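Got chain H; can you put chain E on it based on the hints?
Protein chains: 2
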Amino acid sequence: MRNMKIDFGLVAKLFGTPTYVYDAFTIRERIGVVRKVFKGFDFTILFALKANNNPVLLRLMADMDVGADVVSPGELVASHRAGMRPVLWNGNGKTEEQKCFFLEQGFDLLSIDSIEELEMWQDTAIPRLLRVNPNVDARTHPHISTGLKHHKFGVDIEELEKVAEKIDGLHVHIGSQVTSVEPYEAAYSRLVRACREFGLHTLDLGGGWGIDYNGEYLDTDKMREMTSRVFSRFDGKLLIEPGRFITGPAGFLLAKVLRVKKGEKTFIVTDAGMNDLIRPALYNAHHRIRILEPAGPAVSCDVVGPLCETGDKLAADRILELPTAGSLLVVEDAGAYGFSMASNYNSMPLPAEVIWDDSGPVLIRKRQTIEDMYSNVIGP
Amino acid sequence: MRNMKIDFGLVAKLFGTPTYVYDAFTIRERIGVVRKVFKGFDFTILFALKANNNPVLLRLMADMDVGADVVSPGELVASHRAGMRPVLWNGNGKTEEQKCFFLEQGFDLLSIDSIEELEMWQDTAIPRLLRVNPNVDARTHPHISTGLKHHKFGVDIEELEKVAEKIDGLHVHIGSQVTSVEPYEAAYSRLVRACREFGLHTLDLGGGWGIDYNGEYLDTDKMREMTSRVFSRFDGKLLIEPGRFITGPAGFLLAKVLRVKKGEKTFIVTDAGMNDLIRPALYNAHHRIRILEPAGPAVSCDVVGPLCETGDKLAADRILELPTAGSLLVVEDAGAYGFSMASNYNSMPLPAEVIWDDSGPVLIRKRQTIEDMYSNVIGP
Chain H
1 MRNMKIDFGL
11 VAKLFGTPTY
21 VYDAFTIRER
31 IGVVRKVFKG
41 FDFTILFALK
51 ANNNPVLLRL
61 MADMDVGADV
71 VSPGELVASH
81 RAGMRPVLWN
91 GNGKTEEQKC
101 FFLEQGFDLL
111 SIDSIEELEM
121 WQDTAIPRLL
131 RVNPNVDART
141 HPHISTGLKH
151 HKFGVDIEEL
161 EKVAEKIDGL
171 HVHIGSQVTS
181 VEPYEAAYSR
191 LVRACREFGL
201 HTLDLGGGWG
211 IDYNGEYLDT
221 DKMREMTSRV
231 FSRFDGKLLI
241 EPGRFITGPA
251 GFLLAKVLRV
261 KKGEKTFIVT
271 DAGMNDLIRP
281 ALYNAHHRIR
291 ILEPAGPAVS
301 CDVVGPLCET
311 GDKLAADRIL
321 ELPTAGSLLV
331 VEDAGAYGFS
341 MASNYNSMPL
351 PAEVIWDDSG
361 PVLIRKRQTI
371 EDMYSNVIGP
Chain E
1 MRNMKIDFGL
11 VAKLFGTPTY
21 VYDAFTIRER
31 IGVVRKVFKG
41 FDFTILFALK
51 ANNNPVLLRL
61 MADMDVGADV
71 VSPGELVASH
81 RAGMRPVLWN
91 GNGKTEEQKC
101 FFLEQGFDLL
111 SIDSIEELEM
121 WQDTAIPRLL
131 RVNPNVDART
141 HPHISTGLKH
151 HKFGVDIEEL
161 EKVAEKIDGL
171 HVHIGSQVTS
181 VEPYEAAYSR
191 LVRACREFGL
201 HTLDLGGGWG
211 IDYNGEYLDT
221 DKMREMTSRV
231 FSRFDGKLLI
241 EPGRFITGPA
251 GFLLAKVLRV
261 KKGEKTFIVT
271 DAGMNDLIRP
281 ALYNAHHRIR
291 ILEPAGPAVS
301 CDVVGPLCET
311 GDKLAADRIL
321 ELPTAGSLLV
331 VEDAGAYGFS
341 MASNYNSMPL
351 PAEVIWDDSG
361 PVLIRKRQTI
371 EDMYSNVIGP
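Line order of the protein sequences matches chains H and E. Numbering-wise, the first sequence is residues 1 to 380 according to my numbering. Numbering-wise, the second sequence is residues 1 to 380 according to my numbering.
Heads up, a few of these hints could be off.
Because identical chains share one entry, a pair is satisfied inside a single copy or across any pair of copies.
With a straight-line Cα cutoff of 20 Å, these simulated SDA-like cross-link-like pairs (lysine to any residue) come out [unchecked claim]: (1) K366 x N376; (2) K366 x P349; (3) K13 x E97; (4) K13 x R290; (5) K162 x E264; (6) K99 x V260; (7) K237 x A125.
Derived by calculation from the structure, the hints in this document are not laboratory data. Bear in mind that the values here come from a model prediction, so they are computed numbers and not experimental data.
Okay, chain H solo, but in the shape it has when bound (with noise of 0.2 Å):
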């Protein structure tokens, strides 16, 4: 279990492109990091399946003891799939058809979104965490940010004297990509306390963790200094849901370089779009570009897709040294939020995704097919 240097070249070659690459040694790497974070205490880390679905991927993490998050009936599939356990349920939108599926499938945790929602598990035995709002500010991206009051997730704090009787655990997540202890240290504080007022003895701290995507990420160093100092005074289960902080840094979206257009401004235009990666284009987010093979100066340019979408840029004003056409290049941390938010936009089949372990590149997704994109059509 050693850090084999990917060779992106031969995966190309192998499974051309674009193409999502993970790497297995980082994925083992970084849950390792979580547990060492939270040595000590009784906890158990849930995958955020939202980040990442592929089931081998998943496997992977099974095999390390590592439980699974899910917001669906399609990922408590994929979770099954890899013999995830346990199951933990999330979610403001879950339905009866799918409490119907869910139970037929089995599942071990439920994570409570509203006091509405709560009528709908009178009948179950499956321990219940109600997801409360602490009223914190993630200070991150105001669409991955969810715990400040006008968020549409979870019970303001206030109100859990009136259902601390009918759950058994509380459950928060103030957001995505936070990047400093302090609002993690204000949440966490509060649902201790709220743990002990009312006898509860599980706690979902969630997830969040951010990533070095652009230098500025989360100390996980000062986590485990607050979370010794926090979960002192806690006695009970800790669940955490890690999405991002595990894959993100282990995948790379592979790219072939189309041409290289000079004018007014500098375009390097490849075969990934934002069908495949979507987070710079409706995040503004900042991901890593690597040329592998440059064979020009290094100049400002914009890294863009095929796509007919000004918005369909992989990154802008990086400076980079320009690859010729026929080159690759990969586009890094994109191992979450990656493949799980593509599309088939502009009729562009999904990427493959292969996982790259000690015995070198595997295929773990096939390209999907023209023929596939159309299958469920119903006409000429």
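Chain E alone, transformed into the frame defined by chain H:
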């Protein structure tokens, strides 16, 4: 061919939710409006498949002699299934593999995006239009504005002289959801002058006509007046590439209300989310919401999806009469860039598509299943 009122309740009962519903009458009507704007000129409508690629809708257009503007092999396949002619291949990321595929499958017209790309097509007899960048500000969302010099599309108009003898016509597209005639007039006038100067007799005007999402839209009477004037000095064939203008107002995203969540803020939670319709999250786009069975007083609220993400909004701060759980609502003007940008985010299967024609509702794309979603996985 009269305007039938769509029975959304029936559609939900027959095909479930979330479902895209298209009104055939509106599609035909909108094609008629485009025709009126160019009446008297030699013109062809090429529907931009990136707005919507459902082959049944495309067939309906083909039956009205509408051709296709395609940007990928996937779109070419859909245009052929529907029998659309002529087919124009557009885009800034054409590859050699795609070239082979297109030549094999057959197509009629080319839009060339760069001087570099011209070389790729020296050996073919397919008429070549050069996309020029007229440096006109379309004054629309930065993601979908395309006609400025710093955008990735087209060749600066000043460079035309160098390559005029290698091409058969010009192509311009200044952006999407453009709501004023002036930028069109500026761009078209420049292009007509250039055609006269270089003896070119085919002019592709692109699309981008803004629709009435929220009160502002392109005035087609003014467009008619403008085209009569500008093209009176043009001798040749016009091509027009509407996408959104034709299918946008014809499409509805039908969703079920899962619950109404009251707190500091009121949320209507539906079973349709940003996975089904990403425009509100991606472009901050406004779509009108129609509550089909209002049951409470009108209050300010957000309409949100079931996904675990704050950005999962269909509408923000709307005054709506509150529905009850289990009732229906529709998101209007969702027939363009709706299904075509849908994803499996949160492992949600793609929605169904239904057409409403004289004979009532017909399923034209089955809802994706969970099995479909994982069908390309190689692993557990």
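Against the structure, the hints come out as follows:
no. : hint        : in the structure
1   : K366 x N376 : both (18 Å within a copy, 5 Å between copies)
2   : K366 x P349 : both (11 Å within a copy, 18 Å between copies)
3   : K13 x E97   : between (44 Å within a copy, 15 Å between copies)
4   : K13 x R290  : within (18 Å within a copy, 51 Å between copies)
5   : K162 x E264 : between (63 Å within a copy, 17 Å between copies)
6   : K99 x V260  : between (51 Å within a copy, 18 Å between copies)
7   : K237 x A125 : within (18 Å within a copy, 71 Å between copies)
Of the hints listed earlier, there is not a single one the structure fails to meet.
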